[in-house]
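Student: One letter stands for each residue in the lines below.
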Amino acid sequence: MDTQHLAAGRTADVRIAGLSKVYAGGVAAMADVDLTIASGEFVAVVGASGCGKSTLLRILAGFERPSAGVVEVGGTPVTGPGPDRGVVFQDYGLFPWLSVRENVAYGPARKKLPKAEVAAVTDRFIAAVGLTRFAGKYPAQLSGGMQQRVAIARVLANDPSLLLMDEPFGALDALTRADLQTELKRIHVDTRTTVVFVTHSIEEAVYLADRVVVMTGGASHGVPGSVRRIVPVDLADRDVTSPAFNAVKREIAELVHTVPAAA
Amino acid sequence: MTTTDVATVPVAAAAPTVPDAPRRRGRGRLRTVLLGLPVPVLFLVLWHLGRAQEWELPLGLRMGFLPYPADVAAGLVNYVAGTRDDAFSSLLWEDLPASALRVVSGFALATLIAVPLGVLMGRFRTANSLFDPMINLFRPIPATAWVPLVALLIGYGDQASIFLITLSAFFPIVLGTISGARQVPERLLEAARMLGTSGVGTLLRVVLPAAAPAIVNGMRVGLGLAWVILVLSETTGVPTGLGSTIFLARDVVQTDQIVVGMICIAVAGFLSDRLLTLFFRVLFRDRPLIK
Ligand SMILES: Nc1ncnc2c1ncn2[C@@H]1O[C@H](COP(=O)(O)OP(=O)(O)O)[C@@H](O)[C@H]1O
Ligand SMILES: [Mg+2]
Chain A
96 MDTQHLAAGR TADVRIAGLS KVYAGGVAAM ADVDLTIASG EFVAVVGASG CGKSTLLRIL
156 AGFERPSAGV VEVGGTPVTG PGPDRGVVFQ DYGLFPWLSV RENVAYGPAR KKLPKAEVAA
216 VTDRFIAAVG LTRFAGKYPA QLSGGMQQRV AIARVLANDP SLLLMDEPFG ALDALTRADL
276 QTELKRIHVD TRTTVVFVTH SIEEAVYLAD RVVVMTGGAS HGVPGSVRRI VPVDLADRDV
336 TSPAFNAVKR EIAELVHTVP AAA
Chain B
7 MTTTDVATVP VAAAAPTVPD APRRRGRGRL RTVLLGLPVP VLFLVLWHLG RAQEWELPLG
67 LRMGFLPYPA DVAAGLVNYV AGTRDDAFSS LLWEDLPASA LRVVSGFALA TLIAVPLGVL
127 MGRFRTANSL FDPMINLFRP IPATAWVPLV ALLIGYGDQA SIFLITLSAF FPIVLGTISG
187 ARQVPERLLE AARMLGTSGV GTLLRVVLPA AAPAIVNGMR VGLGLAWVIL VLSETTGVPT
247 GLGSTIFLAR DVVQTDQIVV GMICIAVAGF LSDRLLTLFF RVLFRDRPLI K
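Chains as they are written, first to last, in my numbering: chain A, 96 to 358; chain B, 7 to 297.
Simulated from the structure, these hints should not be mistaken for lab results.
Just so it is clear, CB atoms sit at the ideal spot from N, CA and C, and this is done for glycine as well.
The reader is advised that the hints may include incorrect statements.
[Said to hold, decoys possible] With the Cβ distance kept under 8 Å, some of the chain B side facing chain A (calculated, not the full set): (1) E60; (2) V83; (3) L118; (4) S135; (5) R193; (6) A197; (7) R199; (8) G202; (9) V206; (10) L289; (11) R293; (12) P294; (13) I296.
[Claimed, not checked] Which stretches of chain A does chain B cover? Using the computed rule of at least three CB atoms under 8 Å from a CB of chain B, they are: (14) 172 to 183; (15) 249 to 260; (16) 330 to 339.
Based on the sequences and whatever the hints tell you, model everything.
Tutor: The structure is reproduced here in structure tokens:
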């Protein structure tokens with residue numbers, strides 16, 4: 096699976112300042128979130144269910160408008176969804192009536208690239224996720240893990256400068272999940288695309304990320320969601336069994352499962 | 007495991023008496039076909055007897071005025087192949103194209119208006135609010151009730167006929183499209199937008215294919231109604247057509263020809279539905295659509 100020269104290597108930084116979101120109906124999903132992400136960085140977001148992780152990601156994607164605050168990707172304010180920010184959903188969101196090849200070609204075709212170039216890019220990314228033999232299949236004919244590979248290839252083929260992933264491996268079995276984690280890590284090394292990765296799994300976050308954003312609160316706790324702490328993962332190798340790895344895991348788990356003392 | 011085997015013995019013993027699955031299915035199909043025969047045969051026999059003995063049925067139905075089934079069969083052959091050399095000989099080949107052209111024109115016009123309108127109404131609240139009252143106002147008016155007004159507004163002829171067909175095919179298509187467009191999974195719209203699809207592009211590339219099964223259903227109902235309304239629409243004084251010929255046959259009191267016309271319309275309606283289904287099967291090939 097050759098992922099060399101996968102993309103032009105577009106990458107962007109992210110600046111979020113004073114971000115608040117109140118949904119229609121008055122649900123205060125998050126308040127005063129500040130977060131700066133460097134170009135090429137891999138950031139994981141963890142936190143109890145309902146603390147606003149998806150909301151944060153959907154605002155970055157442009158699916159939701161912020162109620163207050165600044166959200167910039169690559170120095171440009173986010174005003175709506177766009178192909179510079181690829182989103183990978185937990186439920187894949189593949190077009191069921193398009194084959195694997197057509198799903199992956201979808202983005203490049205929208206850019207009105209020459210046909211030959213669309214085909215070349217498509218083949219390259221299908222190969223990168225190891226699905227060349229399945230290029231003619233439809234999503235419903237594939238396992239969950241394979242569908243998520245298609246979804247990843249589909250956004251990468253668009254050469255995004257920011258990759259947004261909302262619990263992308265949450266519905267997969269443990270073995271498939273481990274495979275895809277390894278593959279995503281390799282893809283990130285090759286493309287240097289900035290990644291924001293929401294997950295329930297602290298181990299997954301520590302394994303993949305340069306920094307882990309721990310969120311807390313949430314509308315169901317009566318307070319808007321907010322960033323509790325950002326934990327850098329300064330581990331040379333990510334051996335999940337090593338004491339150093341588990342020390343970071345423990346630190347984050349502590350932050351996720353306890354309520355911050357009232358300020 | 008002899009102890010557990012004991013428990014399965016009754017089942018195993020019973021097994022040979024149960025026919026194996028493929029044979030059972032084959033027999034089931036044969037049974038279905040055979041069971042489909044007696045009632046139509048009985049119907050034909052009663053029809054023949056009723057005609058011969060001039061039965062009087064409830065609601066003043068005088069069977070003496072019916073043609074014999076055999077006469078209808080002969081009339082049908084004449085209508086198709088010109089065996090009798092009368093006014094109706096081989097007339098099918100003039101009537102069918104004339105009627106089919108009206109049905110196809112009206113149906114195509116209805117589809118052309120109803121599908122875009124339905125997509126807009128299904129996706130945009132404003133469009134829905136604008137057009138929903140009109141649709142609910144006009145939908146309950148039966149096409150029959152339109153005939154006198156259309157006669158005055160358009161006059162007699164092809165255009166009046168096509169107008170009535172368009173009107174009746176329009177409503178099922180627009181309603182099918184609206185419900186299909188409403189049920190498009192939000193996730194697919196998000197996926198399309200984050201991959202760089204424009205607003206109009208989303209309607210074409212996501213809403214249309216996702217709503218396709220509902221649109222096709224609406225179109226099939228609409229096409230069926232187009233044939234239903236054909237006879238009525240040909241009372242508007244068009245000279246040729248399956249419906250016109252039924253009225254001509256009534257005027258010359260040739261009941262066998264009336265029944266022949268009825269049969270031909272039924273067959274044409276059935277075949278056009280098959281054609282439409284085939285068209286969509288070719289169009290979608292084997293693409294899995296959202297059910
Ligand atoms: N579209 C919406 N309308 C109203 N409330 C919402 C909407 N989406 C999410 N919420 C609420 O906002 C809060 C944060 O949700 P979410 O961002 O999905 O949390 P997480 O992904 O961390 O589980 C929750 O209380 C949720 O119920
Ligand atoms: Mg979530």
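Student: Would you mind marking each hint as holding or not holding in the structure?
Tutor: Hints, one by one, checked against the model:
At a threshold of 8 Å, the smallest CB-CB gap from E60(B) to chain A is about 60 Å, leaving the interface hint violated. A least Cβ separation of about 46 Å between V83(B) and chain A goes past the 8 Å threshold, and the interface hint is therefore violated. The criterion of a C-beta within 8 Å of any C-beta in chain A is not met by L118(B), whose closest approach is roughly 23 Å, and the hint is violated. A hinted interface residue such as S135(B) counts as satisfied when its beta carbon comes closer than 8 Å to some beta carbon of chain A; here the least separation is about 19 Å, so the hint is violated.
At about 4 Å, the closest approach between the beta carbon of R193(B) and any beta carbon in chain A falls short of 8 Å, and the interface hint on this residue holds. With a cut of 8 Å, the hint placing A197(B) at the interface with chain A holds, because the nearest CB-to-CB distance is about 4 Å. The criterion of a C-beta within 8 Å of any C-beta in chain A is met by R199(B), whose closest approach is roughly 4 Å, and the hint holds. A cut of 8 Å between beta carbons decides the hint on G202(B): the least distance to chain A is about 3 Å, and the hint holds.
Contact between V206(B) and chain A, as hinted, is not supported at the beta carbon level, the nearest pair being about 12 Å apart and thus beyond 8 Å. Restraint check, L289(B) versus chain A: the minimum CB separation of about 11 Å is more than 8 Å; hint violated. The beta carbon of R293(B) comes within 5 Å of a beta carbon in chain A, closer than 8 Å, and the hint placing it at the interface holds. Interface hint status for P294(B): upheld, as the beta-carbon distance to the closest one in chain A is roughly 5 Å, under 8 Å.
A hinted interface residue such as I296(B) counts as satisfied when its beta carbon comes closer than 8 Å to some beta carbon of chain A; here the least separation is about 6 Å, so the hint holds. Counting residues of the segment 172 to 183 of chain A whose CB lies closer than 8 Å to any CB of chain B gives 7, so the stated coverage by that chain holds, three being the minimum. For the segment 249 to 260 of chain A, the assignment as covered by chain B holds, since 3 residues bring a beta-carbon within under 8 Å of that chain's beta-carbons and 3 suffice. With 0 residues having a beta carbon nearer than 8 Å to a beta carbon of chain B, the segment 330 to 339 of chain A misses the requirement of three or more and the stated coverage is violated.
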